[in-house]
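> Here are the chains, one letter per residue:
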Amino acid sequence: MSTAYDADQVAKLPDERIISLTPDVWTQPFWDAAAHHRLVVPRCTACGTFRLPPSAFCWKCRAQEIEWVEHDGRGAVYSFTIVWHPLLPDVADSVPYVPAVVELPNTNACRLVGAMVDTRLSDMRIGLNVELVWRDVEGGVAVPTWRPAEGE
Amino acid sequence: MTLQDKAAVVGVGSTPYYKRGRSLPQTPFELAGKAVLAAVEDAGLTIDDVDGLALYSMGLGGDTSLFAQVLGIPEVRFTATLTGGGGGAAGSVGLAAAAISSGMAECVVSLMTLQQAASRFGASYAPRGKPGAQYSAPPSPEGNFIQPAGLMGPGQMFAVLTQRHFHLYGTKREHLAEVAISTRENAIKRETSIMQNPLTLDDYFNARLIAEPLCLYDFCLECDGAVAVVTTTAERAKDLRHPPAYVRASAHGGNGRWGQAIVWMGMPDEEYASSGHRPVAKRMYEMAGLGPSDVDVALLYDHFSPMVLMQLEDYGFCGIGESGPFVESGAIRWPNGSLPVNTHGGNLSEAYIIGMTHVREAVEQIRGTAVNQVEGCEVALATGGPASIPVSGLLLTKETG
Ligand SMILES: [Zn+2]
Numbered sequence: 043m044s045t046a047y048d049a050d051q052v053a054k055l056p057d058e059r060i061i062s063l064t065p066d067v068w069t070q071p072f073w074d075a076a077a078h079h080r081l082v083v084p085r086c087t088a089c090g091t092f093r094l095p096p097s098a099f100c101w102k103c104r105a106q107e108i109e110w111v112e113h114d115g116r117g118a119v120y121s122f123t124i125v126w127h128p129l130l131p132d133v134a135d136s137v138p139y140v141p142a143v144v145e146l147p148n149t150n151a152c153r154l155v156g157a158m159v160d161t162r163l164s165d166m167r168i169g170l171n172v173e174l175v176w177r178d179v180e181g182g183v184a185v186p187t188w189r190p191a192e193g194e
Numbered sequence: 135m136t137l138q139d140k141a142a143v144v145g146v147g148s149t150p151y152y153k154r155g156r157s158l159p160q161t162p163f164e165l166a167g168k169a170v171l172a173a174v175e176d177a178g179l180t181i182d183d184v185d186g187l188a189l190y191s192m193g194l195g196g197d198t199s200l201f202a203q204v205l206g207i208p209e210v211r212f213t214a215t216l217t218g219g220g221g222g223a224a225g226s227v228g229l230a231a232a233a234i235s236s237g238m239a240e241c242v243v244s245l246m247t248l249q250q251a252a253s254r255f256g257a258s259y260a261p262r263g264k265p266g267a268q269y270s271a272p273p274s275p276e277g278n279f280i281q282p283a284g285l286m287g288p289g290q291m292f293a294v295l296t297q298r299h300f301h302l303y304g305t306k307r308e309h310l311a312e313v314a315i316s317t318r319e320n321a322i323k324r325e326t327s328i329m330q331n332p333l334t335l336d337d338y339f340n341a342r343l344i345a346e347p348l349c350l351y352d353f354c355l356e357c358d359g360a361v362a363v364v365t366t367t368a369e370r371a372k373d374l375r376h377p378p379a380y381v382r383a384s385a386h387g388g389n390g391r392w393g394q395a396i397v398w399m400g401m402p403d404e405e406y407a408s409s410g411h412r413p414v415a416k417r418m419y420e421m422a423g424l425g426p427s428d429v430d431v432a433l434l435y436d437h438f439s440p441m442v443l444m445q446l447e448d449y450g451f452c453g454i455g456e457s458g459p460f461v462e463s464g465a466i467r468w469p470n471g472s473l474p475v476n477t478h479g480g481n482l483s484e485a486y487i488i489g490m491t492h493v494r495e496a497v498e499q500i501r502g503t504a505v506n507q508v509e510g511c512e513v514a515l516a517t518g519g520p521a522s523i524p525v526s527g528l529l530l531t532k533e534t535g
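Chain order of the listed sequences is A and B. Residues in the first sequence are numbered from 43 upward in steps of one, following the numbering used here. Residues in the second sequence are numbered from 135 upward in steps of one, following the numbering used here.
Hints listed in this document are in silico derivations from the structure and should not be mistaken for laboratory results. Just so you know, nobody snuck in bad clues.
The following label-pair restraints were derived from C-beta to C-beta distances:
#1 Glu194/A - Pro402/B: 19 to 29 Å
#2 Lys153/B - Asp74/A: 44 to 54 Å
#3 Thr334/B - Glu194/A: 32 to 42 Å
#4 Arg80/A - Thr326/B: 52 to 62 Å
#5 Gly502/B - Val67/A: 54 to 64 Å
#6 Gln106/A - Asp373/B: 56 to 66 Å
#7 Asp337/B - Ala98/A: 47 to 57 Å
#8 Ala98/A - Pro272/B: 17 to 27 Å
#9 Ser472/B - Asp74/A: 48 to 58 Å
#10 Glu209/B - Glu145/A: 50 to 60 Å
#11 Asp66/A - Arg375/B: 49 to 59 Å
Keep in mind it's a predicted model, so treat the numbers as computed, not measured. The C-beta atom is built at its ideal place from N, Cα and C for all residues, glycine as well.
With the hints as constraints, model all of the structure from the sequences given.
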């Protein structure tokens with residue numbers, strides 16, 4: 043892409059007023075672990091397939107039982123966008139922010155979406171190695187965000 | 135047995151197209167009724183002939199029961215709606231043909247009514263529920279896995295797919311610009327179009343970025359209006375006012391793991407940077423006994439310009455990943471390109487009535503009455519989506535197969 047950035051322009055975070063979690067029985071354990079800054083990914087105990095978001099059935103073998111496997115939160119950017127136009131007044135002061143889809147290794151390519159932090163816009167690229175940073179928001183909740191891994 | 139050539143589109147009608155909110159104080163039902171009455175009139179039929187409704191998304195702006203009561207439809211024999219959203223646009227006519235070919239109904243209306251005064255699709259996945267927060271969609275357990283990143287509008291989500299397409303295939307903003315500019319060129323030749331000024335490459339690159347790599351001109355319009363089409367049996371179609379536009383084939387759906395697509399981002403790697411239309415295109419062509427080289431005009435759902443590129447690939451007009459150079463060659467320009475695309479000006483520049491304008495244009499191209507007529511047009515493709523499944527395709531033809 044041909045867009046040139048101010049060399050030091052850094053991604054902001056979308057205002058936390060847009061964050062509102064409504065877990066169900068299948069996603070609650072993910073958010074419980076998140077609140078303790080632990081990333082867990084559900085794995086089918088029958089066939090070993092991971093699935094995100096957590097859901098009632100294994101899409102591969104249709105079994106229901108899962109185990110929660112700890113993940114180190116390292117991955118690589120699969121794709122992203124840089125949001126310049128705030129869709130809501132709530133995020134008017136938050137642009138540019140950068141939602142990134144990140145593929146998690148060792149999870150049969152499960153993807154987890156989060157905004158970038160501590161990232162220069164000019165450094166954003168597909169394949170960027172990132173690590174998870176938990177973002178604590180109101181109500182004892184934490185959501186995933188990403189920052190470039192050391193060495194990037 | 136398939137629905138091939140069992141039914142034909144015989145009437146089209148619409149209200150004027152309005153900028154968002156300008157259709158007030160008309161009600162959505164009023165817009166819908168005007169479009170339907172215009173479509174049956176165009177066919178040379180009356181509302182007494184209508185016995186079915188085949189819809190998608192929230193096509194009526196209300197329920198069939200009240201609509202039939204208000205318009206005085208004598209007897210409703212079929213009423214159904216495809217699940218999902220805008221992806222059902224072309225498929226709703228396939229649904230009408232399914233009803234007709236199965237004998238459940240004989241004269242079926244498909245339509246879309248849109249009044250964006252109260253709701254804006256641009257933020258349709260923005261979470262609600264927080265005191266003081268602006269909102270649109272109710273939060274869901276699945277949505278919790280994308281909304282906190284600030285992904286709350288379809289344009290932002292499709293931007294993520296587009297970025298991946300750029301990465302994999304070297305697609306560039308110039309290619310998106312060609313879609314926006316060629317569509318605008320078509321739109322400005324039509325009185326009905328909302329956008330009436332030419333768009334230059336400079337305008338495109340000077341426009342504000344919305345969600346990279348997409349800028350303002352990669353986004354469709356926000357409109358009010360209604361468009362309806364009437365489908366009946368191939369037999370009856372022969373005696374009506376206009377030449378029939380035969381439903382050669384239609385398919386809707388998609389691969390199961392395309393699923394909710396942009397609102398979960400977990401689509402399989404091999405179809406992530408796509409429109410999700412590949413399986414639908416395959417089934418549609420098989421039913422038709424036709425292929426991409428038979429298509430004379432393509433009316434491709436264009437809520438966002440990059441999704442025209444990806445549909446060109448998924449419907450086989452060029453190889454996977456080759457849509458950038460394909461459009462760069464002038465292929466999609468009317469009248470001289472090898473495959474004129476969105477001759478009506480599309481969702482991008484004529485009007486966004488969630489894809490129903492594409493069906494209307496396909497019919498007019500087959501009749502030979504389009505404003506930007508493709509000479510000798512025998513086969514027209516209209517599509518709905520990409521979106522969550524279903525996405526859909528429709529092939530209309532001048533002659534039966
Ligand atoms: Zn399994």
